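> Sequence:
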Amino acid sequence: MKRIEAALNEVCERPNEAVPADAPFRDIKGWDSMRAVSFQLELESLFSVDLSEEAITGSFTLSDVAAILRSKGIVLD
Numbered sequence: 548m549k550r551i552e553a554a555l556n557e558v559c560e561r562p563n564e565a566v567p568a569d570a571p572f573r574d575i576k577g578w579d580s581m582r583a584v585s586f587q588l589e590l591e592s593l594f595s596v597d598l599s600e601e602a603i604t605g606s607f608t609l610s611d612v613a614a615i616l617r618s619k620g621i622v623l624d
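For our numbering, add 547 to where a residue sits in the sequence shown, where the first one is 1.
Worth flagging that the hints you see were computed from the coordinates, not collected in a lab. There may be inaccurate statements among the hints.
Distance windows between CB atoms, simulated [as the list claims (entries may be wrong)]:
no., residue 1, residue 2, range
1, G620, K576, 30 to 40 Å
2, S618, D569, 15 to 25 Å
3, P562, G620, 27 to 37 Å
4, V584, K619, 11 to 21 Å
Okay, derived cross-link-like pairs now, SDA-like style, lysine to any residue, Cα gap no bigger than 20 Å in a straight line [to be verified]:
no., residue 1, residue 2
5, K619, D579
6, K549, A570
7, K619, T608
Note that the structure is predicted; figures quoted are calculated from it, not measured. Backbone N, C-alpha and C fix where the C-beta goes; we use that ideal spot for every residue, glycine too.
Generate coordinates for the entire structure from the input sequences, incorporating the hints supplied.
Dropping the structure here:
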C-alpha cells in the first residue's frame, strides 16, 4: 500500500504524507479529475498493469485502489 500512497502523494504534489487507507480522495489536498488521470497512469507504469479510467475514477480510497490492483494479480506490500 506504501507504493500506492507514494504515487498519490507524487501526483498531488504533496510531501510524503500519510494517507489513511479509507480517506476519500476528494478530501486529499490537490485531488481533482486531472490528478485522477495522472494517478491512473502512474499506477499503470508502477505496477505494469492496464487500468480502466472507470476503475480509478470510481475508486474513492487507497483501499479501493489496492483491491483493484489485487484483483489483477498485483501483490502489494
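> Does each hint fit the structure? Answer for all of them.
Going down the list of hints, with the structure as the test:
Roughly 32 Å separates the CB atoms of G620 and K576, a value that falls within the hinted 30 to 40 Å. Roughly 18 Å separates the CB atoms of S618 and D569, a value that falls within the hinted 15 to 25 Å. For the pair P562 and G620, the supplied restraint of 27 to 37 Å holds, since their beta-carbon distance comes to about 31 Å. Between V584 and K619 the Cβ separation comes to about 19 Å, which falls inside the hinted range of 11 to 21 Å.
At roughly 25 Å between alpha-carbon atoms, K619 and D579 are farther apart than 20 Å, so this suggested pair is violated. For the hint pairing K549 with A570, the CA-to-CA distance comes to about 14 Å; that is within 20 Å, so the pair holds. Pair hint K619 plus T608 holds up; C-alpha atoms about 17 Å apart against a cutoff of 20 Å.
Violated hint: 5 only; the structure is consistent with all others.
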